[in-house]
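Undergrad: Go ahead and model the full structure; you've got the sequences and the hints to work with.
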Amino acid sequence: MSSTETTYKPQFRLPEFIERGRNQVIQCPVYLDDALAAPSSGTVSVYDPVGTAAVDAQTVTISNSIAQYTVTTTHIAATVELKEGWRVEWSLTMPDSVVHVFRNAAAVVRRRLYPVITDGDLTDLHSNLDDLLDSDRTHWGPVLDAAWVRIQRRLIQAGNRPYLVMDPWALADVHRYLTLHIVFEDLAASTGVDGRYAELSDRYEDRYERSWSALSFAYDADKDGQADSTQDRRAGSPTLWTNAPNRSARFRKRWD
Numbered sequence: 001m002s003s004t005e006t007t008y009k010p011q012f013r014l015p016e017f018i019e020r021g022r023n024q025v026i027q028c029p030v031y032l033d034d035a036l037a038a039p040s041s042g043t044v045s046v047y048d049p050v051g052t053a054a055v056d057a058q059t060v061t062i063s064n065s066i067a068q069y070t071v072t073t074t075h076i077a078a079t080v081e082l083k084e085g086w087r088v089e090w091s092l093t094m095p096d097s098v099v100h101v102f103r104n105a106a107a108v109v110r111r112r113l114y115p116v117i118t119d120g121d122l123t124d125l126h127s128n129l130d131d132l133l134d135s136d137r138t139h140w141g142p143v144l145d146a147a148w149v150r151i152q153r154r155l156i157q158a159g160n161r162p163y164l165v166m167d168p169w170a171l172a173d174v175h176r177y178l179t180l181h182i183v184f185e186d187l188a189a190s191t192g193v194d195g196r197y198a199e200l201s202d203r204y205e206d207r208y209e210r211s212w213s214a215l216s217f218a219y220d221a222d223k224d225g226q227a228d229s230t231q232d233r234r235a236g237s238p239t240l241w242t243n244a245p246n247r248s249a250r251f252r253k254r255w256d
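Per our numbering, the sequence shown starts with residue 1, numbered consecutively.
With a Cα cut of at most 25 Å, we get these calculated DMTMM-like pairs of lysine to aspartate or glutamate: (1) K223 with D48; (2) K83 with D232; (3) K83 with D220; (4) K9 with D34; (5) K9 with E89; (6) K9 with D186; (7) K9 with D96; (8) K83 with D56.
Hint data in this document are derived by calculation from the structure and do not stem from the laboratory.
On a predicted model such as this, the values are computed, not experimentally measured, just so you know.
TA: Right, dumping it as structure tokens:
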């Protein structure tokens, strides 16, 4: 890209997880100066790990300023191998009249991982939480979504693929506590004078980290659609000992 071209920002928070054998919409939100920038036209291609196009330069539709396309079972059938290494390329004519190509990693998966908590799980802990909503909002959905993206990225960074986690419920506590941490962190920053919000933000950040440390879930490493074992579970973060732990470390209480 030339240094004189407009720097658009595609919002790819995660790789594109494409469920095989199911029609689904993929999107490419693009921002400029913190606002959606609507392309006038464009195409999208979806390539497999060896570079063969399953979707070959197909015309996108523009809905609410966002380019989108429906990947169908004709493109990725139920028999396609479950695999990473796919990529999606959007060639979009942006408001500067230049065609920009936005690329994102992708994987063909059996099932996506869906969150299991809602606003009610937040208000169970803080019954007056909805009173803190901005006047233009009626729910905490955007914050729940932001926390869920961060949790999936952390799983990936630890070597765990979200779409292979077989126990969505195991992530309920980390999702709830991270969401509340984000809520009160934002309130603390916006009010600036109420120390209660900063204290609550710190409290839920600590609960989130402790819940993550205790996290375990069934996992489908061989991608056969079943948990690898009903007994052996994966941790959210791998444990690495560089040498033998001393006695105090082995017997230290979890909450120290």
